[in-house]
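A.B. asks: Position chain U relative to chain R; hints supplied.
Residues per chain are reported as follows:
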Amino acid sequence: MAEVVFDRASRIYTPGATPAVDGLSLTVDDGELVVLVGPSGSGKSTALRMLAGLEPIDAGHLRIDGRDVVDVPSKDRDIAMVFQSYALYPSKTVWDNMAFPLKMRGMDKAEQARRVNEAAEILGLTEYLDRKPKALSGGQRQRVAMGRAIVREPQVFLMDEPLSNLDAKMRVQTRAQIAGLQNRLDVTTVYVTHDQVEAMTMGDRVAVLRDGRLQQYATPSELYDHPVNAFVAGFIGSPAMNLLDLGRAGDGVRLGDVDVPLRREVRDSAGDASTVTIGVRPEDLSLSDGDGVKAVVDVVEELGSESYLYAHLADDEATTLVVRGPGRTRVRYGETIAVRVDPEAVHAFDSASGERLAS
Amino acid sequence: MRRAPLLPALVFTIIVTQIPFLLTIFYSLQSWNLVRPGSQQWVWFDNYVSVFQDSQFRGVALNTVIMTLGSVLIAVVLGLVLALLLNRHFVGRGVVRTLLVTPFLITPVAAALLWKTTLLDPTYGLVNFVLSPFGVGEEAWISDFPLASVMVALIWQWTPFMMLLLLAGLQSMPTDQIEAARMDGAGAWAIFRELTLPHLRRFIELGTVLGAIYLVNTFDAVYMITQGGPGTASANLPFYIYQRAFLGFDIGQSAAMGVVVVVMTIIVATFALRLVFRSFGAAEGSH
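These protein sequence lines are chains R and U, in that order.
All residue numbers for the first sequence refer to the working numbering, where the first residue is 1 and numbers rise by one.
All residue numbers for the second sequence refer to the working numbering, where the first residue is 1 and numbers rise by one.
Pulled out of the complex, with its shape left as it was, chain R reads as follows:
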C-alpha cells in the first residue's frame, strides 16, 4: 500500500530536445487505480518506465510511500510490472515464471509454493502450472504475467498496455477481471493505455497526456463533462466530440444557418475573438423534424441500440458532424437531416490556445 507522487518529474532523452516527459506532477492515492492515457508519443509509457526504474529521472522527484526513489534501482522499489508483451520467460514453466521474483528474493520454498498456488487459483491458472508459455493462449499468458506481479505482493502495480495484445472480446473480459482484482487486492496501480475506453472504464482517476505534458487529471466523468481543453475534449469519448471552429454572431456562434447561443461567462472570457471552438458530443445533437441545421449524411453506423450519423453541413462541405440517432434509424446515405444542438451541452474553447472558456 502506498501513495505515488510524481513531482515535476522529467525525462530528457537528448539534451536540448523536447523532453519525453515534461515536468509531470501527479499524485496517485493509496489503493487507487490511475490510468495514464494519451496518443502515441505522449510520454505515458515513459512516465511508467520512470516509475518502474527502467528510465532515469532527469529532473524532479518521484516518491513511493514518501520515499524519494530517483536513485533507487527498480528491484528495491517494491513494485511489480505487467509488460505489454507480457515478457514471460520462455524457457520456464508457468510455475517457475510466477515463482521467479520470489526465488530471486530468496524466499523459502514453502512460502513460494503458497503464494504461487494462491495466485494461480485467483487467476484460474492452476491446471496450466506445468506448461511453458508457448503452450498457452494469449489470455492465459496475460494472466501469467498478472500472476507474476501479484505473487510479489508489491506496494504498486505498473501495467503497460496489458490488454493490447488480446482480441476484442478477450480484452473486454480481462479489463473487468483486472479492475476486479485491483479492487480486491487494493494495491495502488498505475495503468498505461492509448485506449480511452479502457481509461474511462478502469480508472478511478485518469491522467491525459500529450507531448509529455499532463493535460488534465480527473475522474472519468469529470473528464467527460468538463474537459479543460479541446485536446482532452476530442480525445475522451467515442465517437469523438464534434469540434467546430465557428464565427461569432450575436450572442453566440453561427453553425450553418442557425445561431447557437453561448452563455454570458463564455462570451465574456472569449473577449472579442472572432471565432470560438465549439465542442458538442454526438449525443447532445439530435435529429429534428424541421428546425435545426441542415446536414447531408455521408455514413450511417448502425449499432443496434443506437446509430451514429456522419454528415457534412448542407452549405459547407468542410464542416462535418457526428450525430447520435436512434437505433434502427431510417436515415440513409445522401439524405438531408436537420440537427438540433442542445445549447446547455455546448463546450466552448479558445480557437487559438484550445483552452476551455469560462470553466
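Rather than coming from a laboratory, the hints here were simulated on the basis of the structure.
Be careful, since some hints might not be right.
Unchecked claim - Derived list of chain R stretches under chain U, where covered just means 3 residues or more per stretch with a C-beta under 8 Å from a C-beta of chain U:
1) 44-56
2) 81-87
3) 101-110
Note that the Cβ used here is the ideal one computed from N, Cα and C, for glycine as well.
C.D. replies: Relative to the frame of chain R, chain U by itself:
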C-alpha cells in the same frame, strides 16, 4: 516434370560424390600398393580387419575427437565471452568487432603458417618473446605440445565464428524479458544463468554442430604446423589417411579407413543435426 531442369545438377552431384564413394568401397576390398605394380588383388574384408587392429588408427581417431570437440568447445566458451562483451555499447565497438572477426577471414593455411612461424617458433616466436619476462625461455611449443599447438590455431580461427553466432543470439533476445527479470530482483549473474543461457542454448548447439562438422575434416592446420608428428602425436584422421594413401601409396588400407570414417561421421552427424533441428523447431513454435 516441373523438377526436370534440376536433373543435370542431380546427375553432376551423383557423378562427383557417389561414384567416387563406390570406387572407394571397391578399392577398400583390395590389396593394392602403388609402389608394387601388379600387387592388386581381392582381399575382401581383410583391410577392415587390419584397420580395427591398427593401434595407430585408434590413437589418431582419439586425436580427432580431442581436436574437434576440444577446439569447438573452447571456441564456444571464448566466443560467448567475447559476444557478451560486444553486446554492450562502448566507443569503437564497430572497430573492435571487425578486428575480432578477422581471424575467421584468413585462409586457414596462412593462419597455420602464421602460428607455426611468427608466433610459436622457439627462437623468433612472439609467444616466447611475450612470455620471456615470466621466465619462459626458448620453449619449443610445437614439438612439446603438438596437438595443443594445432588446436590453438583452430580455436583462434573458430572463436570469431562462434562469437558472431552467439552475438546474433544475444541480440535476438527481447529486452523486456531482461527488464522484467531486473524488476523481479535478478542480478546480472542470475539473468545470465536463468534467461540468457537458456535463450542461447540453440545457438550454442548450432555452433557446436557446424564447428564440429567443419573441424573434423581439418587438414591444412595439421599439415602446415606439425605434419601430424612427432610420430602420429598430432595426426587426425584426414591427415593419417592422406599419409597412408599418398605417402605410403597403400590404396586398399586408406580406402578402408576412409569408408570407416565416412560411416562414423554420418552416424554422429545425423544425431547432432537432429538435435539442432529439434531445438530450433521447438523454438519456432513459440512465436
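A.B. asks: If a hint holds in the structure, say so; if it does not, say that too.
C.D. replies: Each hint tested on the structure:
Here the stretch 44-56 of chain R counts 3 residues with a CB under 8 Å from a CB of chain U, which clears the bar of 3, and the coverage holds. With a threshold of 8 Å between beta carbons, the proposed coverage of the stretch 81-87 of chain R by chain U holds, since 5 of its residues qualify and at least three are required. Coverage of a stretch by a chain is defined here by at least three residues with a beta carbon nearer than 8 Å to that chain's beta carbons; for the stretch 101-110 of chain R and chain U the count is 3, and the condition holds.
Checked against the numbered hints above, the structure breaks none of them.
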